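Chains as they are written, first to last, in the numbering used here: chain W, 1 to 165; chain X, 1 to 430.
Hints should not be assumed to be uniformly reliable.
What the simulated footprint calls covered on chain X by chain W, stretch by stretch (three residues with Cβ under 8 Å from a Cβ of chain W suffice, anywhere in the stretch; the number is not a length) [said to hold, decoys possible]: (1) 152-160; (2) 299-307; (3) 336-348; (4) 392-399.
Below, a list of computed lysine-lysine pairs in the DSSO-like style, where the Cα atoms sit at most 30 Å apart [said to hold, decoys possible]: (5) W:K158 x X:K328; (6) X:K395 x W:K45; (7) X:K351 x X:K328; (8) X:K85 x W:K158; (9) X:K351 x W:K44; (10) W:K157 x X:K97.
Hints are computed from structural coordinates only; laboratory data are not their basis. Just so it is clear, the structure is predicted and the values come from calculations on it, not from any experiment. Note that beta-carbon positions come from the ideal geometry of N, C-alpha and C, so glycine has one too.
Listed below, chain by chain, are the residues.
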Amino acid sequence: MAEVVLRLGDDVSTDAIYPGRFMATVLPTETPQNCFADLAEFNKKLRDGQVAPGSVVVADRNFGTGSSREQAASCLKGWDLVVVANNYSRIFFQNAVNVGLRLVICPTIEAAEGDELEFAPDAVTNKTSGKSYVIEALPPARQAIVDAGGLVPYVRKKVMEERAR
Amino acid sequence: MGMTVAEKILARAAGLPRVSVGEVVEPAVDLAMSHENSALVINQLDQIFEGTELETRVWDPSKIAIIFDHRVPAETAKTATNQKKIREFVAAQGITKFHDIRADEGGICHQILAENGYVRPGMVVVGADSHTSTHGALGAMAIGVGATDLSAVWALGRMVNVEVPASIKVVVDGEFRPAVSAKDLILYLIGMISAEGANFRVIEFHGRAVRHMSTSGRLVLGNMSVEAGATCGIVPADDETIRYLREEACVTDPIVSVLPDADAEYEEVIEIDVTRLEPQVAKPHTVDNVVPVGETEGVRIDQIVIGSCTNGRLDDLETAAAVLRGRKVARGTRMLVFPASWRIWAEALRKGYLADLASAGAVIMNPGCGCCLGIHQGALGDGEVALATTNRNFKGRMGNPNASVYLASALTAAASALTGVITDPRKGGS
């Protein structure tokens, strides 16, 4: 069971997830401090340790629109948050997979802050409302990176094979 | 079945006779670009090599471009330290296409790539910046990615796990009326198809109005294609592309255009006649919140911004200077001008545009991304409103979540600078 700790709408931009003024901070160890910095209350909850790992951010369409800043994925990953959205903007989607942030594609999700969700491989159940929603699988090219533990180990293996020759 | 421009370029780069939509390929990369975020790319490259007992080396230092533009000159010690680390990396790896904070070579990465002839038709260009889609304007396949994806390119010389995208053909016919330009067209298109209308797809631009458009205008189309989610916004190369590369980017080696097959398959065809197109404005806080300028007339503006990789080129400065020459920016409104590169700055100086703008009250800033993304220079106060020629108006974009940003062309921005309110350039201002 995982709690919905933040409910957002369409077109959540990477500026909303990780404001540009913090872009000089790049390391995944440091970016979580600025996660949703402009949602001051939520950001404080994160920093005060009031959000359990595995908690869920729910949004509608085109989550992660905008900039390619990887901080937007690494800051969410740093708090071990899970994102459930109808669909994702391409660059954010790739970044999330690359850095190991868990994304769930759920085109019809209905959930409010405080609801409890339960994940199965092909569906998510809102235990609060009792309704279940179909999850779309990641495309095989992204799943391969998830299975390797992220893009860094995925590429490391290729580099070792190719440079060893 | 024939291939689109994107398919042809990816097939060539992947060493395949043909590719089709959804196929997963590993295209060789001709140019890999990054800016200050190279600090993270370097970190990720180190991680890739960690434990391999191999020396950390990029695949080909001649195919890597690094340009400082996001925070120039550095606004904090942290940024300055990142830039220092990147300079050391550039020297250690022998990277030649490096553009430091210098008035003889610097500027915004996307302008630097274009004006130095680093991008050619048919290339695969990868950039750790979403607006890398800009370079489709030169007939290339140009893809924005995050830092870890770029570090993979630095290590391998190719992209991995690329799904060949479908293309949307946008046919733009008719002739622009006076006061209407490429910026109005791309805003109109984004408003029509939405911020996700081209997500995971390529836009391929065709039609008479695009063929007659200067490369500067085409760069606007490519630049903002990503605001509809597009992987790239391609204008197939033609005589104008070759003219630009030869005359303005000083390219001397052979240029080979990549054109779509007559029977290429498009996911969708969108036809636009610009003859009736009016000046457009994107209202806060999404780029697809687009209306004709008339619907926003009279909105009070605290800050006018002309610049960015979208509209900071010479023609934009020329347009603004023509409006403001001998006149004044309205009291109570401030105006900032960020030329897209130092080459443009120098040319605008020579032609008198900078003096015209400064005499009118505009502050001429150093070339760079400036206030576009709210990092430094020109932040907005609480409740303030900006009208900018930049590409994004997200909440918080210009450094303050309690401020608002409207987007428009350089002409609309200049006309509005005279009045201090959003002004239809066909009526007021000039």
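Status of the hints after comparison with the structure:
1. 152-160: holds (count 4)
2. 299-307: violated (count 0)
3. 336-348: violated (count 0)
4. 392-399: Result for this restraint: holds, n = 6.
5. W:K158 x X:K328: 60 Å, violated
6. X:K395 x W:K45: 21 Å, holds
7. X:K351 x X:K328: Between K351 of chain X and K328 of chain X the Cα gap is close to 19 Å, so the pair holds against 30 Å.
8. X:K85 x W:K158: 27 Å, holds
9. X:K351 x W:K44: 52 Å, violated
10. W:K157 x X:K97: Cα-Cα ~29 Å, so holds.
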